[in-house]
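Taken in order, these protein sequences are the chains called A and B. Our numbering numbers the first residue of the first sequence as 1 and each following residue consecutively. Our numbering numbers the first residue of the second sequence as 1 and each following residue consecutively.
Hints listed in this document are in silico derivations from the structure and should not be mistaken for laboratory results. Mixed in with the good hints there might be a few duds.
[As the list claims (entries may be wrong)] Counterexamples of contact, computed for chain B against chain A with all Cβ distances above 12 Å:
#1 Phe83
#2 His84
#3 Gly98
#4 His146
[Claimed, not checked] Taking lysine-lysine pairs in the DSS-like style, the calculated list, with each CA pair at most 25 Å apart, reads:
#5 A:Lys80 - B:Lys82
#6 A:Lys80 - A:Lys115
#7 A:Lys60 - B:Lys210
For glycine and all other residues, C-beta sits at the position ideal for the given N, C-alpha and C.
Listed below, chain by chain, are the residues.
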Amino acid sequence: MDICITATSDNLDGMMDERFGRCKYFIFVDPVTMKYRAVPNTSINESSGAGIASATTVLKNSPSAIITGLIGGNAMEVLKAANARVYTCQNRTVREAVGMYNDGKLESIEAPNNKK
Amino acid sequence: MTQIAIASGKGGTGKSTVACNMALALANLGGKVTIADCDVEEPNIHLFLKGGETGREDVTVPVPVIDKKRCQYCGKCSDFCKFHAISVFPGNALIFPGLCHSCGGCRLVCPENAITEVPRNVGVIVRARPVDGINLITGILDEGEHSSVPVITAVKNTLAEEDISIIDCAPGTSCNMVSAVRGCDYCILVTEPTPFGLHDLALAVETLKKINVRCGVVINKSACSDRIIEEYCSAGRIRVLGKIPYDDRIARTYSEGKAIVTEIPDLVAVFSSIYDKTKKEVCTQ
Chain A
1 MDICITATSD NLDGMMDERF GRCKYFIFVD PVTMKYRAVP NTSINESSGA GIASATTVLK
61 NSPSAIITGL IGGNAMEVLK AANARVYTCQ NRTVREAVGM YNDGKLESIE APNNKK
Chain B
1 MTQIAIASGK GGTGKSTVAC NMALALANLG GKVTIADCDV EEPNIHLFLK GGETGREDVT
61 VPVPVIDKKR CQYCGKCSDF CKFHAISVFP GNALIFPGLC HSCGGCRLVC PENAITEVPR
121 NVGVIVRARP VDGINLITGI LDEGEHSSVP VITAVKNTLA EEDISIIDCA PGTSCNMVSA
181 VRGCDYCILV TEPTPFGLHD LALAVETLKK INVRCGVVIN KSACSDRIIE EYCSAGRIRV
241 LGKIPYDDRI ARTYSEGKAI VTEIPDLVAV FSSIYDKTKK EVCTQ
């Protein structure tokens, strides 16, 4: 089953995007075969509600886990309502993040973490 | 019914001062007037015309609720909502009422009739009669709300068969100012004779042209630099309705929460004259 990673470009060797709601791409990848597809985030320029819209987009693809950097309260509320598993990771390529997920090295989060 | 809006462009030029004192000058002559404080993010008329509360009512906006027995989680409502106030995903649907703009579109697009609307409080209207002859209607937006317009509209809807209504607007030329001014018979733009005052006055004048509300100008803190405003007004054929002098006594009276016309008798004529000229302008429509 695919997992979803927020990404700055449309391939596995680009860096992760640390923002959830306003990331450039969602990459849905099979962590075993590494087969993937990149979905551009259409809510990147929204004046508000970007986190909710992004969470809705991600959930339509029913990923088994979501890996991002920083996530806000509204987006987290949506993901929790869907019982989605959310992991945090920063400053890695998408491929590295998938590797860390496979090795069980990622920290899972239950609450929004974008407060400075 | 005559509705006179008081707006400014720049903040702090004296909108509420003009609204209050013009109303008092009128009431002192035996007139009846309603002041609508439509600067709902920070209403302040009640600081100068105190007390006399006669009632208050909640302002609500309709927001959707989803009947989960009917909902098939098709996501049409979520796709429709431009403000992302609804999230629908397999097996669940969530509403974020704080983001909803109450357009009702979600209810219309739902093929299962699973969406109904319930009222949500966004503010309050306070009615008062602080002095004989003046009704004060104050709109107060709840903290954290994103849109003032429902409260402004609710305040304006209370204005019924009064002789004269004076509508104190928010500064700027945003939705708040536009929704308060729209539909009024006339707008008094209060400015100060500074480059900043002139710049924002011009923005306000352009805004009023677009919504077809005629206007005149009051120069507050009037001193030797009035020329920059007067030249602008004369070029645009905008009537200067009056000038309020730059006067220490006004600042002192204001800081004590008192009205100019009750504290400084020699300035009463300034405000009654502004009203007389405005009335003439309204009548020459």
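Evaluated hints:
The Cβ of B:Phe83 does not lie farther than 12 Å from every Cβ of chain A; its closest approach is about 6 Å, which violates its non-interface assignment. The non-interface label for B:His84 is inconsistent with chain A: the shortest C-beta to C-beta separation is roughly 3 Å, within 12 Å. Under the 12 Å C-beta cut-off, the non-interface status given to B:Gly98 relative to chain A is violated; the minimum distance is some 9 Å. With a minimum CB-CB distance of about 8 Å to chain A, B:His146 fails to clear the 12 Å threshold, and the non-interface call is violated.
Using a Cα cut-off of 25 Å, the hinted pair A:Lys80 and B:Lys82 holds, with the two alpha carbons roughly 23 Å apart. Proximity of A:Lys80 to A:Lys115 is assessed by CA-CA distance (about 18 Å); at most 25 Å being required, the pair is judged to hold. For the proposed pair A:Lys60 and B:Lys210, the alpha carbon gap of about 44 Å is over 25 Å, so the pair is violated.
Checked against the numbered hints above, the structure violates hints 1, 2, 3, 4, 7; every other hint is satisfied.
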